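Novice: Residue numbers (my numbering), protein chains in the order written: chain F, 1 to 260; chain V, 1 to 351; chain H, 1 to 292.
Here are the simulated DSS-like cross-link-like pairs (lysine-lysine), alpha carbons at most 27 angstroms apart as the crow flies:
| hint | chain 1 | residue 1 | chain 2 | residue 2 |
| --- | --- | --- | --- | --- |
| 1 | V | K277 | F | K156 |
| 2 | F | K132 | V | K16 |
| 3 | F | K156 | V | K332 |
| 4 | H | K279 | V | K125 |
| 5 | V | K227 | F | K137 |
| 6 | F | K125 | V | K227 |
| 7 | F | K19 | H | K286 |
| 8 | H | K286 | V | K125 |
| 9 | F | K156 | V | K201 |
| 10 | H | K279 | F | K56 |
| 11 | V | K227 | F | K132 |
By construction, these hints were calculated from the structure, which means they are not laboratory data.
In this text, all values refer to a predicted model and were calculated from it rather than measured experimentally.
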Amino acid sequence: MSKPLLILDNVSMYFGGLKAVDNLSFTVNEGEIVGLIGPNGAGKTTVFNCVTQFYKNYEGDIYFSAASDKLDLRNCKVTDVIDQGLVRTFQNVELVADLSILENLLVGAHNQFQTGIVSHILRTKKAREEEKALREKAYEILKFLGIYEIRDLYVKGQPYGVMKKIEIARTLMSNPKMIILDEPAAGLNDRETDELETLIYEIKKKYNTTILLIEHDMGFVMNICDRIVAINFGKFLAMDTPKKIQQNKEVQEAYLGSDA
Amino acid sequence: MDILNKIERFFANISKQLSERPVLTFFLFGLVIASIGFLPHTGLIRWGTMGIFAYIIIFSVVAMGLNLLLGFSGLISLGTAGFVGAGALGLGVFMNMGIPFEIAAVLVLIISGLLGALIGLFSLKVEGIYLAIATLFVGEILRQIYTQVEIFGGQAIRIGSVRFLGFIELSMINQMQRSFLFLIITGFMVVMMVVMHNIVKSKTGRALMAMSRSQHAAQAMGISLLKYRLTAFVLATLFATFGGVMYGLYNQNVPTTAWTLDLSLFVIAMVIVGGLKSIYGTFLGVFIIYGIPNLWLKNYFGDISYIFSGILIILVIIFYPHGFVYIWYDLKKQYNRLKAYLSQKQVTQDE
Amino acid sequence: MTDLLRLLFNSLETGSVYALAALGIVLIFRTSRTTNFAQGMIGTFNAYIAAYLMLQYGFRIWLVALVALFTAFLTGIIIDTLIIRPAAKVSPISKQIITLGIIMVIIGILPWLFGVDTMTLPRFIPVRYSFLIYGADLRYNTIFVIVLSTILMAAMFWFIQYTKWGLATRVTASDETTSKLMGVPTKTVTMVSWATAAMLGTLAALFVAPRVSVYSNMLLTVQISAFFAGTLGGFSTFFGPVVGAFIISFARNFTQFYISDIWGNVIVYTSILVFLYFKPYGIFGKKPTKKV
Chain F
1 MSKPLLILDN VSMYFGGLKA VDNLSFTVNE GEIVGLIGPN GAGKTTVFNC
51 VTQFYKNYEG DIYFSAASDK LDLRNCKVTD VIDQGLVRTF QNVELVADLS
101 ILENLLVGAH NQFQTGIVSH ILRTKKAREE EKALREKAYE ILKFLGIYEI
151 RDLYVKGQPY GVMKKIEIAR TLMSNPKMII LDEPAAGLND RETDELETLI
201 YEIKKKYNTT ILLIEHDMGF VMNICDRIVA INFGKFLAMD TPKKIQQNKE
251 VQEAYLGSDA
Chain V
1 MDILNKIERF FANISKQLSE RPVLTFFLFG LVIASIGFLP HTGLIRWGTM
51 GIFAYIIIFS VVAMGLNLLL GFSGLISLGT AGFVGAGALG LGVFMNMGIP
101 FEIAAVLVLI ISGLLGALIG LFSLKVEGIY LAIATLFVGE ILRQIYTQVE
151 IFGGQAIRIG SVRFLGFIEL SMINQMQRSF LFLIITGFMV VMMVVMHNIV
201 KSKTGRALMA MSRSQHAAQA MGISLLKYRL TAFVLATLFA TFGGVMYGLY
251 NQNVPTTAWT LDLSLFVIAM VIVGGLKSIY GTFLGVFIIY GIPNLWLKNY
301 FGDISYIFSG ILIILVIIFY PHGFVYIWYD LKKQYNRLKA YLSQKQVTQD
351 E
Chain H
1 MTDLLRLLFN SLETGSVYAL AALGIVLIFR TSRTTNFAQG MIGTFNAYIA
51 AYLMLQYGFR IWLVALVALF TAFLTGIIID TLIIRPAAKV SPISKQIITL
101 GIIMVIIGIL PWLFGVDTMT LPRFIPVRYS FLIYGADLRY NTIFVIVLST
151 ILMAAMFWFI QYTKWGLATR VTASDETTSK LMGVPTKTVT MVSWATAAML
201 GTLAALFVAP RVSVYSNMLL TVQISAFFAG TLGGFSTFFG PVVGAFIISF
251 ARNFTQFYIS DIWGNVIVYT SILVFLYFKP YGIFGKKPTK KV
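So that you can see chain F by itself, here it is in the shape it has in the complex (with noise of 0.2 angstroms):
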């Protein structure tokens, strides 16, 4: 067994209330694939928030040990997390428009450049280097995902599955231990689910990185994930493999109803 990457323990959050996540505990290991499903409205995004820190007031812990062990991410600044070599994708594909796809992917390296502003203005040998040598490792990640030919075009007005891929390629400029998508495959047909399936094998595998998603496609969820974690109303139902969670009465419950 594999050491425990991400634990929450406990973690409830409200919004006036509303119990958004209700005593929720999971963990997962180093090199996982887990998902998280959950009817709409059971809380995943919530789940995300707390996790990455954009909501700081939850119960409970959520600790990440990535770079020192253990550590308890309430501790991290929202702009910190990233430095744990945790990041995320978002749900509505949160990119800069007006950015071309390199740049965007510059971005994603915000916290790897060590040169301040004033050797940016003066274009310090230092700042070039560093500049050019993010860019090779961007180039890097974009011929590995395919979209190296139009890296120079805005990000506005492509199609949603390559702003899918940006967002992705995003993340792995961070170098991360941890990625967290929320709804990949929304918005994409079924040849660009499948390809994304094995584009998400393909990084865990080359990046060695850990992956938490959530997804409402659930053919794609069973066949990619190791286990899975179930939550309704933000209540912890299940985790296991794919196999035994859709065998799970409770999970069943939970999406079709009671009576089923």
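For chain F, the structure is supplied; the task is to place chains V and H on it using the hints.
Specialist: Here is chains V and H on its own, set in the frame of chain F:
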């Protein structure tokens, strides 16, 4: 047809060369502008025309700063005039105390920069129209101080001749020296263009854009709102103040009443009409908003020229919402259409 | 006591003027999503018409005021139809600059139509009609301004709150696209808003004119104060800016009188800025939310 292709190839080649060497392009652009400073000696243009170009140069620097704010960071400031005034009047006050030009300039830049940082802090709390009007408050406070506080000396502050770099005495009154002053501010403009270019093509420029397009995604990428809001406002105020310093250096007599909301709005108009996120677009905007009326329209129409400027602003915004500089793409499109049409014609003729 | 009463009435009068202007600005902001910098200039333009008619034909102030309000109505409609509607898709910041364009057009038109001589407008009720109260000289005109503004604003609030058209205005203000889909005539609402705002601005101009004479920048202070009032009260309600207007008017008059003539404005503005830091959306405003 062949001629068209040849011309096209010629220009494509030049533009490729130039776009690969942006700094060289800025320098060449500066040379062209600088030559205006020596034309009055030949009698080709009037001294007044050179003065108008001096203002265009100064406003370009101010507007570039605002473009960093408006175009790249999606933030607005209605207090720009206050900071230009700070640069010009502050320079005057310090120089009248006997402080050399360079040190006085650095001092006002530091003071303004700190004020800008304060606004940046403020912008973390306040957004949209509230932030815009908060900056208007700052502008109004500064304006009140300039017009009512005694050290700014009533109607205007006289700076008099400036000892540049400690040994070159330059006075506005002497025609040759005025040309040199023009040359110096052109040089400053080129430097600021390079600075702006280097900023927007660096991590900072990308971070500013990421922050304005999606705060959440930017934060997830490790972009601190605090740091980059401050950066945006400090840069904008520094550019504006530097524009003011250039104003003081060139005019050597600074009015206290000129730094009103109208001026701030004009600077915004320059950025929007010219082109958001574009350095040359900013210059173009200044030329359209300030240059065209003052160079030509006012001579023929007097005050009525405001009507033309007003209509021009309205039309440009309706038809080129991202700035007039983007007319270039339309022209290219038209040109390609023309070429396609011509080649088709040729084919039919050949048949 | 005398000073206090004088300050009180003075503040109420300027407060009413600021409130009228602020109401115009917030009306446009809510229905057209733009900060209308031309609000003051539109009022000024119509005040020019009034002053010109008076000077040329010797009409009475009441008559020229009515004419000016009518032309204001037309100005609002023309601006909306010719300029604002074609620019519906333009970003909010660019729209603000369009209103700057409107200012410039009007500045150009003024000397061309009305000449360059400064003109004046009298008070609605001449100064000689006044009475003393605890030693303070209270003019009937002041009372007239305060009362008329109050009645007008009350009528507007009633209209916005309780009539069908008021409802249409409120829903357009909160979500234009949805309103349009639900069959609300948003175009008419926007047009009437511009017309109303122009009339409010003109009224403010007519009230201010006797004190400052009629010139192109006559409403500058009023306009800036109206913006401040909107921010202080919060742009998300219609009554917030009105409250803000009176607060600013009182604060300014009292600090200038009791603390410092020179620093009065600076003190008031700075304190509002500090206040905004803690209440970023004004006294009555609410923070808009965005989902990730």
